[in-house]
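Peer 1: Residue numbers (the working numbering), protein chains in the order written: chain A, 284 to 763; chain B, 284 to 763; chain C, 284 to 763; chain D, 284 to 763.
Check before you lean on any hint, since a few could be wrong.
It does not matter which identical chain is meant; a pair holds if it fits inside one copy or across any two.
What the hints assert, rightly or not - Here are the simulated DSBU-like pairs of lysine-lysine, each with C-alpha atoms no more than 35 Å apart in a straight line:
1. Lys285 / Lys488
2. Lys574 / Lys488
3. Lys488 / Lys423
4. Lys285 / Lys423
5. Lys582 / Lys488
6. Lys285 / Lys574
Worth flagging that the hints you see were computed from the coordinates, not collected in a lab.
The lines below spell out each chain.
There are 4 protein chains.
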Amino acid sequence: MKGYNHNDFLSPFTWRYGSPEMRRLWSETNKRRLWRRVWVALATAQHHAGLISTDELADLQAHQGDVDFERAQEIEAEIHHDLMAELRTFAEQCPTGGGKLHLGATSMDIEDNADALRLRQSLDLTLAGLDALLAALSEKIERYAATPCLAYTHIQPAEPTTLGYRLALYAQDLLADRQAVARARDDVRGKGLKGAVGTAASYTKLLEGTGMSAAEMEAQVMADLGLEAWPVTSQVYPRRQDWQVLSALAGVAASLHKLAFDLRLLQSPPFGEWSEPFGAKQVGSSAMPFKRNPITAEKICSLARLVRDLPAVAWDNAANSLLERTLDDSANRRVILPQAFLATDEMLRCARRIVEGLVVDEDRMAQNLATYGPFAATEPLLMALARAGADRQAMHEVIREHSLAAWQAVRRGEPNPLAASLAADERITTYLPDGDVRALMTVEGYVGDAPERAILVERRACSGERAAESVGGSCGKRLS
Amino acid sequence: MKGYNHNDFLSPFTWRYGSPEMRRLWSETNKRRLWRRVWVALATAQHHAGLISTDELADLQAHQGDVDFERAQEIEAEIHHDLMAELRTFAEQCPTGGGKLHLGATSMDIEDNADALRLRQSLDLTLAGLDALLAALSEKIERYAATPCLAYTHIQPAEPTTLGYRLALYAQDLLADRQAVARARDDVRGKGLKGAVGTAASYTKLLEGTGMSAAEMEAQVMADLGLEAWPVTSQVYPRRQDWQVLSALAGVAASLHKLAFDLRLLQSPPFGEWSEPFGAKQVGSSAMPFKRNPITAEKICSLARLVRDLPAVAWDNAANSLLERTLDDSANRRVILPQAFLATDEMLRCARRIVEGLVVDEDRMAQNLATYGPFAATEPLLMALARAGADRQAMHEVIREHSLAAWQAVRRGEPNPLAASLAADERITTYLPDGDVRALMTVEGYVGDAPERAILVERRACSGERAAESVGGSCGKRLS
Amino acid sequence: MKGYNHNDFLSPFTWRYGSPEMRRLWSETNKRRLWRRVWVALATAQHHAGLISTDELADLQAHQGDVDFERAQEIEAEIHHDLMAELRTFAEQCPTGGGKLHLGATSMDIEDNADALRLRQSLDLTLAGLDALLAALSEKIERYAATPCLAYTHIQPAEPTTLGYRLALYAQDLLADRQAVARARDDVRGKGLKGAVGTAASYTKLLEGTGMSAAEMEAQVMADLGLEAWPVTSQVYPRRQDWQVLSALAGVAASLHKLAFDLRLLQSPPFGEWSEPFGAKQVGSSAMPFKRNPITAEKICSLARLVRDLPAVAWDNAANSLLERTLDDSANRRVILPQAFLATDEMLRCARRIVEGLVVDEDRMAQNLATYGPFAATEPLLMALARAGADRQAMHEVIREHSLAAWQAVRRGEPNPLAASLAADERITTYLPDGDVRALMTVEGYVGDAPERAILVERRACSGERAAESVGGSCGKRLS
Amino acid sequence: MKGYNHNDFLSPFTWRYGSPEMRRLWSETNKRRLWRRVWVALATAQHHAGLISTDELADLQAHQGDVDFERAQEIEAEIHHDLMAELRTFAEQCPTGGGKLHLGATSMDIEDNADALRLRQSLDLTLAGLDALLAALSEKIERYAATPCLAYTHIQPAEPTTLGYRLALYAQDLLADRQAVARARDDVRGKGLKGAVGTAASYTKLLEGTGMSAAEMEAQVMADLGLEAWPVTSQVYPRRQDWQVLSALAGVAASLHKLAFDLRLLQSPPFGEWSEPFGAKQVGSSAMPFKRNPITAEKICSLARLVRDLPAVAWDNAANSLLERTLDDSANRRVILPQAFLATDEMLRCARRIVEGLVVDEDRMAQNLATYGPFAATEPLLMALARAGADRQAMHEVIREHSLAAWQAVRRGEPNPLAASLAADERITTYLPDGDVRALMTVEGYVGDAPERAILVERRACSGERAAESVGGSCGKRLS
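Please take these sequences and the hints and turn them into a complete structure.
Peer 2: This is the structure we're talking about:
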């Protein structure tokens, strides 16, 4: 088969991003295998209708696997139609049955059912990737469910949360994505066998007198393929389907972008809380060999953007497929479908690698909490003072005063003096003993029910994944 | 309340597009009503916990409806925070209970539950619009299920189909959209009551000793609001939710764009098959007063494009909401959420008007079928000839010859002579009597099982709608 | 005039974002003023051709300013065509000349020239906003050109740079944007007077025997309007023009997004280098009153995303305006054009406020540089050691050893010991005296020619602005 | 070199779309050639500074062309950094000078200048493609400048225009695109030599005592590369540059989409005016061998959509490149840059093929004009009647009556009787002799100054192209 190398343009999805499995699904070879599978399923049903003999069918079955891309390309160069070229190639290989291929069919009867099968294969692989990631996340959530750390809003230190709780946010988003991808997968339907404009007129004619209706033939073929058909179609399955699939992938991309961006931020030394795993021989900055750049997370963010805008192209295909179909979808579908799946595949693999190898610097987490957390702790202190009879407004002012002073200390790089200074102010200790003040200022415990809720999501992540064990999950094992 | 007029910028969604109901849902007044509803629900639960007295609660309930936008704007001008300004306005109105509003809450506890309620209100209105459109479509499908017309692929005449079958394609897409919108509606969840970073720490503190946990309080509030809560959240509900909602609306936009574009094409006089209803006094082209421009359909296509790209903005909000939330979503959410709903609303109303009043020119449909259909009929003729023992290749050539001649006649504006000329060629009549040839060339019947399949989808459109009768459907009635 | 208030949907661009000037430009009133200006310009040229009498023209001129939106709305409710309704309104006001309005014209002859004028007005206002921002930036660049601070790549501390140099990066991007906006402004052309399909056939007929050609009439009208016309048009000016204008605005949005995001990051206390100005009474987090959230910068990022996707809608209008024009552009243009300008306007105002009031914490900048800078300084040290005869590979290892130890100290929150520890290692001082080592480790000076280059850009920012002084710049003054 | 085949995913841009020249520009091989060119240019300048000996430089120059992708891939597998791997590969090949490669440089000093060179190469090729298309268009405009045909607005027959005038609309859009692409090309600047964060600090140190400043070194290198440098940069050239380039390509895509869509419409048999050239052996619909599907134009529309959304990805890269750069641009730039250029390249080639081989059916054009044109001609008739003293309103009604009757005839497929029936109505002939009525109804001449204006644009298309002759135009020749 003709090869292509780096003297020509090669997409990074050919050689750089995406798993070998996903690349194989989006190869021409796989596409042609699926075409042949549809052709043989059609012939099988037509054999049952008496239109194709046992020998003819056997001949077709015998050569179903003989994809010969070389020969097909030769023919295509002449006739400029890839499916018809493959059809002729297949027919040439079948001296007995070749003439009975494609009876009553239009190109898209073959192509669009194959496309639906390929979408489903790819969605299954994506689900497996999601499940593996969810399993990895699940493990970390369990481990860190009660580990306190600082939460940040507006990229500003806020109140404490727990590490597991934050991770549960990612898991919850990804569970919603999993549901959307699974829905898209379950909703995938083929065109069925409906001919040039969707009416099945050619099959109706062809089957006259055979005792089999076009609808029965369609039902047999689709059962053979293990695929449902849309009740009505134009020449093609509704292009809305592509859009739904790509939208589900775009959702995954959004969730992974957030996860990766959070990591990029927390890996920054002034935060220093997280780091993606780093290979021993990997070259970072040439100028600063110790530097740890979050390049895997950056890659996720980069690819996520690419996926974000692909649904809009599929939208256009759906919205502009005029009357019984126009061909303005074909060229870009060759790009957007594989690209969306391969990019998502790469992102999922990267995200899993990051989550599994996530380096958590518990010292720095504790340190940031000690530095910035006490400010947040003034809120429960204020409540307690009010409950103890102090004037809320006055106490608010006292606390504010101490807070501002503490803030200046922090800015100078000193430890946060707030707890101590408040516990030493008698305007406060009039209402609350200094021990109580100190206890209230211990922010580690000020995390509400975050640990319990994190575990709640972890359970779902794990069970969602367990349901999908057949496609490769590992979390069930861990739990047993 | 301050008014705005056309001396200033007014969005077309304020005065030109969208229903009064949808505009009201996206008014500041409705937003503030919902805020107050959440505040009172929170106070009610806290009353059960013993934190708020019966009198205090009664005071809040008494003033729940007194939205005073003027006053709130005055306060906002000072403090630059719209929710806190409304809170102070509400509190001012409640001399007894005002001080007990918002206990333990963070702004987004109020805002995001209100936003979820508003999303659900708007999705319900959208579903009602979809159902009304599906009912209208359903009626037309039933009526035209077996009416033959020409199908077009590549905007080229192809084989026959039926008008009802084509309409069923739209209905099928819209049913898929209905499912997506209904899923989005059912998936809408509020933030719950989780405080500044999602941990419910402030509520946990607040409720200490009351015998009510933060989770219980949340459950009571959400039951009161009739809304489920996300198990975990950051300061806000996951922004992925906005994206899912806008994606569902974008799907509707795609389906309506296709419907409208098909109409724009078939309303073109060289086709002349369809026309949108046209008001008596409406001014078309000033130069040609009889001209029928498909301006309603063009408006749908125009607005559809606007909706297409809005999910990408919501995607960004989801993907970039760093750590426990950043505020980079706020400003654009004020635009994209109402815009998506109002544009969809307008499109649905327009589409319904078009479908209900669709002008079908059955004469022109028959004429186009007579002109271009016979070419398609050569396919079953060829099959019949082959079955009758003729050489397929030779017959193909004979038919091609006649077809090309017939094509020239058609191009000159003459009636299509193909059936007659084939029935007169003895290379053909050797195998098939001329009556059979003429019968095979009668294309009206060459529509396979299109009528039955159209009805199949019609049933779903109607029952999908019937299920939703409570939101205003009418199809159930028609059927009974 | 009918007013709208917050009981209905009001776009945030009506009441929340954008300057009064920009809102006025995008009001219906301004649009109608421009329509009338085009009508009168047309009548004036036709007066010169002898088609309109002096009295008739005087009547039209006398009522040019009497926009009466109420009356026009009444008529539009009947005829569903906004421009024709305004035309009748204007004509009603002119008993003498009213009948001579719009002679030979098609709606878009009026509308599209007015739209071009409005684009130009809005682009001028945008340029003024850009110039004001550039002037503010210019001042800061000059002030901080040589102020050293840490540069960050991958959000990781890297080598030193200067604050002015970083600001010059924004200025350089904005200068490119300024050029794009100015090009778009200068490229704006009107439709001219070309009638229903662009051929000027109606004018040619109308002017027969007057001695004035359609081209001459067009030239007079356009000279009157101070606007060039496209040589050829369909019924409308090429919709590519809208796309070019919105693309230029999207560029501004990208540049401001970067500026604002950088600020949001550096305002985070772990960095703590920058802060946007903060109003005295502004309410931040209710839980932590001292918190400084970068809400203005967050708003910029939020609105920037909105503008990013608007060119794609304009692209669609251009790409799908079939044959001599389809109306699928109209509805969305009412949204995307004002939205792009108003959002950009708001962002520019916010950015200017931020830059003018930028709070720079020079202490924290110096502290961060002292903490992370020494690692970068090992690069010139290594060069100097190699030059002094040391083995590069060996020295690299020694430095790496010290760097890792220093890194651990930094992680613990201690001052960076690297300079001292290297200057104390005799494997190093064998080649370089410890004073030289310390001097090399003084990173403040390791900023290459950043100060000079920053000033280079500052000059351009200022002179670019000076050229545009007529639209309101202030930088020229400062320099004189 | 490792080859890839259709058992794996291969992008359609590798084997299906785009010219061999454009593919080569976007190959890894070309990229590495450009990297080496930058390295050698840097070494040359450093040789002038005395840092590299003549022998060392000669060694580097001798091996500049020896790109060895195999070896580089081996190294990259180990160190995960493609540029550093190529650097080591190059260095290995140069026993004498290898150690002197990359002195003082950071990866992006090499990569981004090479990228700028590659953008320029690709923009030049794009300009050549645009010029070839403009030359083809120019020829057709000249030929058909005065050929009357029907114009369509709202896809409804409107007034006459000329074929050349319509073609001039495309040419005018493409000329604007040409200007944007040329501006983007001329605006391309490299990063220059500015080191890790843009300050040129490492070069400044390196060059100490050599008498050459960093700025001088940069100037020498850039002069050698024939490329200007941005005055200031972060670690990379401003990512706004990518956005500007992709925006210019998106503009081309919009213009070609319109051209192709118009053709798809007019190739529809009910219009039948245009057809794209059709290869002899090409397989159309299998069911209707004579069918002419506009598959080349459909491909253009399909690819155009792909290009439309790519600027938004580049926008994100620009808007999110935080502080002195983040790496979230890298992965998607490997996709969007080649994809935009290769898709544009393919579209330009297809458009040129279509325009050069455009099949114009002048008979059908005349026929459509005769059918629909007379309605438009009633406008000048009405003017003439009014001038002749008839009551405008009354005549409007008379004409309307005849028009509606004529419209019914047209709908039945009969020739348009309007001219005859008007010329026979004495309510009309009272004011104008029937000969004059018939003359006024001769619509062919009602094209205003369309022919002259078409030629005006043709001249620009041709001269714009002539100016660019060096990149391969042919139109100049034709004119001489």
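Peer 1: Kindly indicate which numbered hints from before are broken by the structure, ordering the numbers from low to high.
Peer 2: 1 and 4
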